[in-house]
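Residue numbers (UniProt numbering), protein chains in the order written: chain A, 1 to 455; chain B, 1 to 351; chain C, 1 to 176.
It cannot be assumed that every hint is accurate.
Here are the simulated DSSO-like cross-link-like pairs (lysine-lysine), alpha carbons at most 27 Å apart as the crow flies [unchecked claim]: (1) C:K7 x A:K191; (2) C:K31 x B:K173; (3) A:K47 x A:K35; (4) A:K9 x A:K36; (5) A:K142 x C:K58; (6) C:K113 x C:K7; (7) A:K191 x A:K32; (8) A:K74 x B:K41; (9) A:K142 x C:K7; (10) C:K31 x A:K191; (11) B:K41 x A:K191; (12) B:K56 x B:K85; (13) A:K70 x C:K58; (14) B:K41 x B:K138; (15) B:K227 x B:K294; (16) B:K227 x B:K243; (17) B:K149 x B:K227; (18) A:K431 x A:K447; (19) B:K39 x A:K191; (20) B:K220 x B:K173; (21) A:K433 x C:K32; (22) A:K433 x B:K138; (23) A:K132 x C:K58; (24) B:K309 x B:K278; (25) A:K71 x C:K7.
If you're looking for bench data, these hints aren't it; they were derived computationally from the structure.
The model shown is predicted, which means the values in this text are computed figures rather than measured ones.
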Amino acid sequence: MGRKILLDKINVPGIKTYEVYRREGGYASVEKALKKMTPDEVVEEVKTSGLRGRGGAGFPAGMKWSFIDKKSGKPRHLVCNADESEPGTFKDRYLMEYIPHLLIEGMITSSYALGANLSYIYIRGEYMWVYKILERAIAEAKAAGWLGKNILGSGYDLDLYVQIGGGAYICGEETALIESLEGNRGNPRLKPPFPAVQGLWQNPTVVNNVETIATVPWIVNNSGADYAAIGIGRSTGTKLISASGNIRNQGVFEIELGVSVYEFMNSDEYCGGMQTDRPLKALVPGGSSVPILPAHLIYKTAAGEDRLMTYESLSDGGFATGSMLGSGGFIVYDDRACIVRNTWNFSRFYHHESCGQCTPCREGTGWLEKVLWRIENGQGREEDIELLWSIQSKIEGNTICPLGDAASWPVAAAIRHFRDEFEYHIRFPEKVKNRDHFVAEPFEKVKHLVAKQIV
Amino acid sequence: MKVTIDGQEIEVAPGTTILQAARMIGGESVPPAMCYYSKLKGTGGKCRCCLVDVTKGSEADPRPMPKLVASCVTGCQDGMEVASKKSDRVAEARKAVTEFLLINHPLDCPVCDQAGECDLQNLSFEHGKLQHRFIEEKRTFEPEDIGDKIQLHMNRCIVCQRCVEVADQLTDKRVHGVLNRGDHSQISTCVSAAIDNEFSGNMIDVCPVGALTDKTFRFKSRVWFNKPFNAHRECTTPGCCGKVTLWMFGNEIQRVTARKDEFHEVEDFICNTCRFDKKEVADWVIEGPRQFEKDSVINQNKKYDTTEKVVIETEKGILMGRDVDRKKISMAEIDYNEKIDGNPINSKNNG
Amino acid sequence: MERSHIKQEINITESLMARINELISHYPADKKKSALLPVLHEVQDAHDNWLSIELQNKVAEILGILPIEVYEVVTFYTMFNQRPIGKYMFEFCQTAACCQNGVEDLMDYTCEKLGVGIGEPTADGMFEVRGVECLGACGYAPMMQLGDFYQEHLNKEKIDQLIQDCKDGKITLHDK
């Protein structure tokens with residue numbers, strides 16, 4: 001059994017409530033930090049832990065904290081990014097729904113470390129019932145004296161509120177989230193200045209993912225070194241993986257970073273193998289934005305080494321033969337899945353979610369979707385594959401925020417690894433008329449038709 | 001601080017952006033800018049036309065920047081080296097942005113009042129391609145009436161948001177903004193309100209394309225058929241400089257705009273009284289012809305001296321053509337009730 | 001642009017106003033605009049789940065901001081409805097795992113059963129079917145949102161049951 005840090009107590013009956021959570025040792029990190037540690041000592045522990053941002057980018061959390069501008073004397077804020085919207089990812093919701101006080105505890109301890117007296121949790125609008133759960137949890141924590149003025153007699157004050165979003169993927173980007181928190185459209189800001197210097201209301205701000213913040217109590221209760229002892233290399237600690245698609249056990253799993261992809265996929269503790277006897281075709285290991293991996297690159301890297309669930313191993317081989325751990329949205333496809341349809345589906349998502357502020361993303365995402373839709377529906381042209389490649393390469397790297405990259409990568413990876421499937425759609429439009437065209441006749445069985453045509 | 005752009009060195013003050021430094025140098029290295037406007041705070045960074053390659057970050061940290069950066073919002077560092085015109089990567093990116101800006105653009109220059117002074121035309125001329133790769137249906141918007149002075153043509157808009165900044169920074173009560181998102185983002189008042197404010201006309205001047213044009217000048221004349229003159233008047237509107245460009249056809253003022261510099265930015269904003277209500281020559285003190293950059297199409301008609309008769313000694317009448325071809329046709333005299341093949345033409349069906 | 005001109009009765013009750021004031025109190029006194037999104041949710045929930053221009057103007061007045069600032073935000077986010085919608089709106093997630101698990105078939109089934117197309121309310125105003133993007137429930141696909149809550153692991157039988165429950169008034173839309 002892998003070690004559990006976040007979901008250790010998830011099965012304790014009533015852990016949702018303050019009483020049970022407290023009885024099980026909850027809020028100990030707040031006591032320890034406020035009574036025995038200076039804010040800088042907490043930051044140091046988090047730095048030592050090697051904890052990396054769990055929202056997708058994997059930036060070291062302790063380092064991000066150390067960038068916060070303390071010299072300006074302006075009020076500082078901690079904002080929790082609970083705008084979980086990356087397709088394939090649903091871990092934060094699980095954490096907040098079933099053990100909300102863990103996040104509240106993390107927010108208090110982390111805010112103390114940053115010297116923030118006013119902090120927010122920004123949750124996506126669709127998680128309305130979770131918003132209510134958090135509001136109640138905050139009220140309970142406040143009633144018990146964990147929030148407000150002079151917490152535990154330490155002289156430290158903290159107000160914590162939840163803010164609800166309105167339905168926009170882009171608000172998961174930290175500066176768009178700040179804009180949204182200020183009551184504006186979720187348009188990402190130009191960087192620099194970074195939020196650590198000018199964030200919420202131009203004050204120094206740190207934005208962290210739910211899982212990142214929920215990990216802080218354990219690090220404070222134990223130590224940064226204990227946390228760093230789990231995992232491999234720079235991938236320390238545990239990570240929540242949201243597993244979905246054609247696997248037996250779908251849901252949220254906590255893994256020790258470093259477990260092999262094979263074990264995660266097949267052991268009964270985690271995914272439990274494929275859902276049916278249909279073979280594995282592809283894997284998106286870190287949410288819709290990361291490159292899709294074809295079957296032969298899932299369990300082994302191109303160099304023939306075991307592929308592990310770590311930041312490094314999943315990206316081994318770069319974009320040519322690797323992918324990314326991202327937010328841990330693990331989507332498994334068997335041979336019924338159509339890669340073209342899936343890519344179109346993702347492109348439609350990015351087209352729908354583009355904020356429209358900068359040109360390449362505003363115009364390019366729609367273009368990608370339209371071309372992919374034509375190919376999927378049997379109206380593709382041979383030159384469309386090159387066109388798609390060209391469009392995605394022109395969006396990537398030229399936009400204000402990473403949404404442009406996120407829209408480009410899945411298209412690039414699909415063409416890179418599944419080009420023949422695109423060709424099949426273009427050359428045999430009659431065969432892809434029904435949307436479930438690979439259910440009865442998986443691509444493996446008709447692949448030879450494309451191969452024959454290659455001159 | 002010292003920066004080098006395309007090998008040309010210049011000394012700049014701290015806080016200068018790369019674009020500003022390039023404009024100080026001038027010439028071909030100046031990146032095109034569709035959304036940045038030096039007179040409006042908070043503009044820039046959106047259109048991505050002005051991307052440049054920072055090949056050396058600074059003297060202190062010489063590492064190159066991994067991505068192309070928007071020169072209008074990136075500050076210069078001491079010892080920074082930038083490739084603009086000289087970088088293939090930059091040229092490729094600008095081409096890409098130009099293509100993206102044009103895929104949904106109606107390309108209706110022949111009927112667009114902005115033609116001839118349009119930044120998108122200039123950008124396409126410099127960075128566009130001849131072929132089209134976009135075969136999908138173009139995105140269109142429902143027309144919206146925003147009053148009797150300004151014509152909004154949303155299909156031409158590139159969402160630079162300059163007009164929103166004008167309303168925010170020059171007027172006290174903004175009624176229009178950006179609605180919707182993604183490729184459906186549009187400039188709108190949402191409720192078809194008239195944009196009615198003493199400085200609203202400046203939206204027309206800052207618009208880089210034909211999305212916002214002067215309704216009082218609509219379809220009157222191509223801009224290059226007008227002769228631009230600098231003129232001024234004692235304007236009593238607070239905040240108005242009263243210094244304008246008059247666009248004349250003969251002795252008639254076709255339209256009034258603010259004075260624009262070589263980067264097509266206004267020198268100073270003007271009020272709606274000057275722009276829309278003062279169309280008599282007597283209202284103005286005319287200073288003289290307005291100069292434009294040498295490759296501007298507006299120079300087409302920039303002959304301010306009286307035209308001398310040109311006499312060409314050649315075979316008699318060779319340039320005159322046949323008499324029959326020189327017969328003038330008067331539209332008014334055409335009989336719309338004429339018949340084709342014996343059937344009367346219904347003027348309704350005849351368009 | 002075309003806007004719905006259907007009249008909406010505006011009723012900012014005392015309890016709604018109290019909740020709005022509480023939300024405003026979450027932000028510094030000079031940052032009232034920050035409360036815009038939560039306030040819009042509350043106001044929309046109390047007004048048949050849609051926001052007319054008049055209602056948006058009212059929100060602008062309460063927060064002391066310009067009406068256009070409210071319009072800009074309302075049109076940016078997908079959860080604010082600018083026209084009357086079916087009372088029970090079935091918002092099916094169409095992305096990734098839900099698409100893979102046959103949500104399109106379920107949407108077709110639901111539309112057929114209700115006799116409507118996507119995005120058009122039933123004649124009695126009871127139901128509406130809409131497709132939305134990822135709702136963050138990929139492990140429980142196919143799924144949809146109904147009011148404030150998620151309905152997961154859907155199949156045709158569950159859809160039948162849900163429609164019946166809605167008709168019988170057994171479905172709670174908002175958690176107040």
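Do the hints match the structure? See the list:
1. C:K7 x A:K191: Violated: K7 of chain C and K191 of chain A sit about 44 Å apart, past 27 Å.
2. C:K31 x B:K173: Within the cut-off at roughly 19 Å; holds.
3. A:K47 x A:K35: Given pair K47 of chain A, K35 of chain A holds - Cα atoms ~20 Å apart, limit 27 Å.
4. A:K9 x A:K36: With Cα atoms ~25 Å apart, K9 of chain A and K36 of chain A stay inside 27 Å; holds.
5. A:K142 x C:K58: 32 Å, violated
6. C:K113 x C:K7: 30 Å, violated
7. A:K191 x A:K32: With a Cα-Cα distance of about 36 Å, the restraint between K191 of chain A and K32 of chain A is violated, given a limit of 27 Å.
8. A:K74 x B:K41: 23 Å, holds
9. A:K142 x C:K7: The hint is violated at about 42 Å.
10. C:K31 x A:K191: 23 Å, holds
11. B:K41 x A:K191: 16 Å, holds
12. B:K56 x B:K85: Roughly 16 Å between the alpha carbons, so the hint for K56 of chain B and K85 of chain B holds.
13. A:K70 x C:K58: 40 Å, violated
14. B:K41 x B:K138: 32 Å, violated
15. B:K227 x B:K294: 15 Å, holds
16. B:K227 x B:K243: Given pair K227 of chain B, K243 of chain B holds - Cα atoms ~17 Å apart, limit 27 Å.
17. B:K149 x B:K227: 22 Å, holds
18. A:K431 x A:K447: Status holds; Cα separation ~12 Å.
19. B:K39 x A:K191: 21 Å, holds
20. B:K220 x B:K173: Violated, at about 31 Å.
21. A:K433 x C:K32: 53 Å, violated
22. A:K433 x B:K138: 25 Å, holds
23. A:K132 x C:K58: 25 Å, holds
24. B:K309 x B:K278: 34 Å, violated
25. A:K71 x C:K7: 53 Å, violated
In the structure shown, a violation is registered for the earlier hints numbered 1, 5, 6, 7, 9, 13, 14, 20, 21, 24, 25, in ascending order.
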